[in-house]
Amino acid sequence: MKREAGRFFWVAVSLGLLSLLLVGSWLAPERLSPVEMDAAGLGFANAYLMPWEYPPFGTDERGVPLLDYALQGARIVTVPALVSGVVVMLFSVLAGLVRCAGVGWLDGALQGASELVGALPRLVVVLVVALLLPKEWRVLMPIGLTWALLAAPGAMDEAAATAGRLGGERFVEALRAHGFGAVRIYLYHVVWLNLRPVIVRQGAEVMMQVVFLEIALSYMTVATNVPDITHSASTVSWAQLLYHGYTALIGGRDLFHALALGLGLLALVGAMTQSFRLAARAR
Amino acid sequence: MNWWVRPSLRVASALLLPFIVPAVIIGALWALPGDPALNLCSPPSCNPEKLAEHWGLDQGPVVFYQEWFAKAVLLDFGKSWQVLQGFSVTELLKESFPVTAGLMVLSMIPLLAASFAAAMGAMPRRLDIGWQGLGLIPAVILALFFDAWLRITYGEQDLTGTRMAFGAVVLGLADGTLSGAIVGTRSVLEEEVKQRYVQIAVMRGESSLSNTLPNVLPALVGQFRARLLTILSGAVIVEVVLGLPGLGSLLWDGTLSQDFGVVLAATFAFSILSGVVLLVQGLIEVGVSMYTRRSPDVAMVGPVDA
Numbered sequence: 001m002k003r004e005a006g007r008f009f010w011v012a013v014s015l016g017l018l019s020l021l022l023v024g025s026w027l028a029p030e031r032l033s034p035v036e037m038d039a040a041g042l043g044f045a046n047a048y049l050m051p052w053e054y055p056p057f058g059t060d061e062r063g064v065p066l067l068d069y070a071l072q073g074a075r076i077v078t079v080p081a082l083v084s085g086v087v088v089m090l091f092s093v094l095a096g097l098v099r100c101a102g103v104g105w106l107d108g109a110l111q112g113a114s115e116l117v118g119a120l121p122r123l124v125v126v127l128v129v130a131l132l133l134p135k136e137w138r139v140l141m142p143i144g145l146t147w148a149l150l151a152a153p154g155a156m157d158e159a160a161a162t163a164g165r166l167g168g169e170r171f172v173e174a175l176r177a178h179g180f181g182a183v184r185i186y187l188y189h190v191v192w193l194n195l196r197p198v199i200v201r202q203g204a205e206v207m208m209q210v211v212f213l214e215i216a217l218s219y220m221t222v223a224t225n226v227p228d229i230t231h232s233a234s235t236v237s238w239a240q241l242l243y244h245g246y247t248a249l250i251g252g253r254d255l256f257h258a259l260a261l262g263l264g265l266l267a268l269v270g271a272m273t274q275s276f277r278l279a280a281r282a283r
Numbered sequence: 001m002n003w004w005v006r007p008s009l010r011v012a013s014a015l016l017l018p019f020i021v022p023a024v025i026i027g028a029l030w031a032l033p034g035d036p037a038l039n040l041c042s043p044p045s046c047n048p049e050k051l052a053e054h055w056g057l058d059q060g061p062v063v064f065y066q067e068w069f070a071k072a073v074l075l076d077f078g079k080s081w082q083v084l085q086g087f088s089v090t091e092l093l094k095e096s097f098p099v100t101a102g103l104m105v106l107s108m109i110p111l112l113a114a115s116f117a118a119a120m121g122a123m124p125r126r127l128d129i130g131w132q133g134l135g136l137i138p139a140v141i142l143a144l145f146f147d148a149w150l151r152i153t154y155g156e157q158d159l160t161g162t163r164m165a166f167g168a169v170v171l172g173l174a175d176g177t178l179s180g181a182i183v184g185t186r187s188v189l190e191e192e193v194k195q196r197y198v199q200i201a202v203m204r205g206e207s208s209l210s211n212t213l214p215n216v217l218p219a220l221v222g223q224f225r226a227r228l229l230t231i232l233s234g235a236v237i238v239e240v241v242l243g244l245p246g247l248g249s250l251l252w253d254g255t256l257s258q259d260f261g262v263v264l265a266a267t268f269a270f271s272i273l274s275g276v277v278l279l280v281q282g283l284i285e286v287g288v289s290m291y292t293r294r295s296p297d298v299a300m301v302g303p304v305d306a
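Chain order of the listed sequences is L and F.
Sequential numbering of the first sequence, starting at 1, is according to my numbering.
Sequential numbering of the second sequence, starting at 1, is according to my numbering.
Chain L with its partners taken away, still in its complex shape:
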């Protein structure tokens, strides 16, 4: 009973955090708030304000609210990360079902393909995809999907191993002997009751990885002062907050609150992943 209550708690936390990201991305402004000059016309109005001076997160060096950064960053990452997570989950389900169905040739083919796809460093492939994509397609979705495809072999391997430990074909046979239909056996007994922890954890981890990937790629473009490859020029990523923090660290500018916000947003994504994992853990 206590364990079930714990599960419901983590389900609520994970869905709450995901909703927060979805609402944030929905509320995100198309463009950053316009920059205003101060009364003397020599500097920016509201620049470098702390969170308690300009709630909720303060402002940057031009007086732009950091809330805009947080919301726009959420818009860039939420949907692509979610879709990538779902893609990995679907691949894991497929691998688990194939192992249970005992389709030997398909199982072998999947393992062979996984071996090749999983043999390459993911970021290298992502960069090649970014090079090949036409400029107008350079957003996070194709990059996230590429990451999901590259992460799929590991997830599939784990799902297939879990299905194998379950008994594979023999497990299905035993349930058939109990008179259950194929849909109930595969979707309820195999996927929902037994593969769920692995599938949800893998999906949540890939979601987190896609968010971190976006931040890494955007940070590198910001740090090397080149055009972004994960979003349009009119939007800003959470990486911009980290870069503000970096300039605060090396230059002593009053932007440590930007660094704190950037790290806080990363922690939020990490917490969401952990809570999904805990919500779906095995009984």
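None of these hints come from the bench; they were simulated from the model.
Here chain F is said to cover these stretches of chain L; the calculated rule only asks that three of the stretch's residues, wherever they fall, bring their Cβ under 8 Å from a Cβ of chain F:
| # | stretch |
| --- | --- |
| 1 | 108 to 118 |
| 2 | 132 to 139 |
| 3 | 213 to 220 |
| 4 | 245 to 254 |
To be clear about the criterion: a stretch of chain L counts as covered by chain F if any three or more of its residues have a C-beta under 8 Å from a C-beta of chain F, and this derived list gives those stretches:
| # | stretch |
| --- | --- |
| 5 | 121 to 128 |
| 6 | 263 to 271 |
Computed Cβ-Cβ distance ranges for the label pairs, DEER-style:
| # | chain 1 | residue 1 | chain 2 | residue 2 | range |
| --- | --- | --- | --- | --- | --- |
| 7 | L | L27 | F | P61 | 38 to 48 Å |
| 8 | F | M290 | L | F9 | 50 to 60 Å |
| 9 | L | G104 | F | K50 | 51 to 61 Å |
All C-beta atoms in this analysis are idealised placements derived from N, C-alpha and C, irrespective of residue type, glycine included.
With the hints as your guide, set chain F onto chain L.
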């Protein structure tokens, strides 16, 4: 499935990887809508006709692949189109390859040491939560902090060696590599030690590790390869953020400046590194399987007469 199928697939994949990766990239370039030359260089900043002529992009993917690969085998990757115009790509690779290989080797040291300590039971279990928490930090964040610290402490001094050491620390700690090495090694060994054959071997006075090691080695090597791939992937981020002139940096520059020759060559180099790692795993698996399957030296004992 026969024992040799999976290792054979690994060895075959390792040998095919350097052939397949450039083929897939070239195939993808032609599969995308539009002229390949136009996709790589948009006027007026770049002249697609000149690029097509320079790279032979006007001859179709098969001819392009054949010619590129024939030259690549002889370590001739042509001249850079954008990154360092007119500079030999082979020279760029020669300069950057040792940096990435060095980063890989350096970052493997803490991982191997941690795995060994975990196998020996020298890593306290209560510290796992700390390692796992550290592993949640993305490489870009750790690299950012190290870069800031280096800039504050040493200014703009040329510190390639120090930066490499910090890069190796980042790659060793971030993205769950170190925590995976500790927890992964320990859990694999703990599961195996529960097996009956190990308990009997211990009762016979043999050591637990000598009995379990051949059986867990394929799993440990598999885990280690996955960590090396994570390190190779993270090397791109670490090299760019810490300003190290490695393969990852080269690939990043090539991608941003759309220098197809540089990207193809850097990816080829990465595929060789990955192939070598995969090949080592496959060969270890084959070796271990042959060792554990060979007949025992003692004569088989037949049924005992009553």
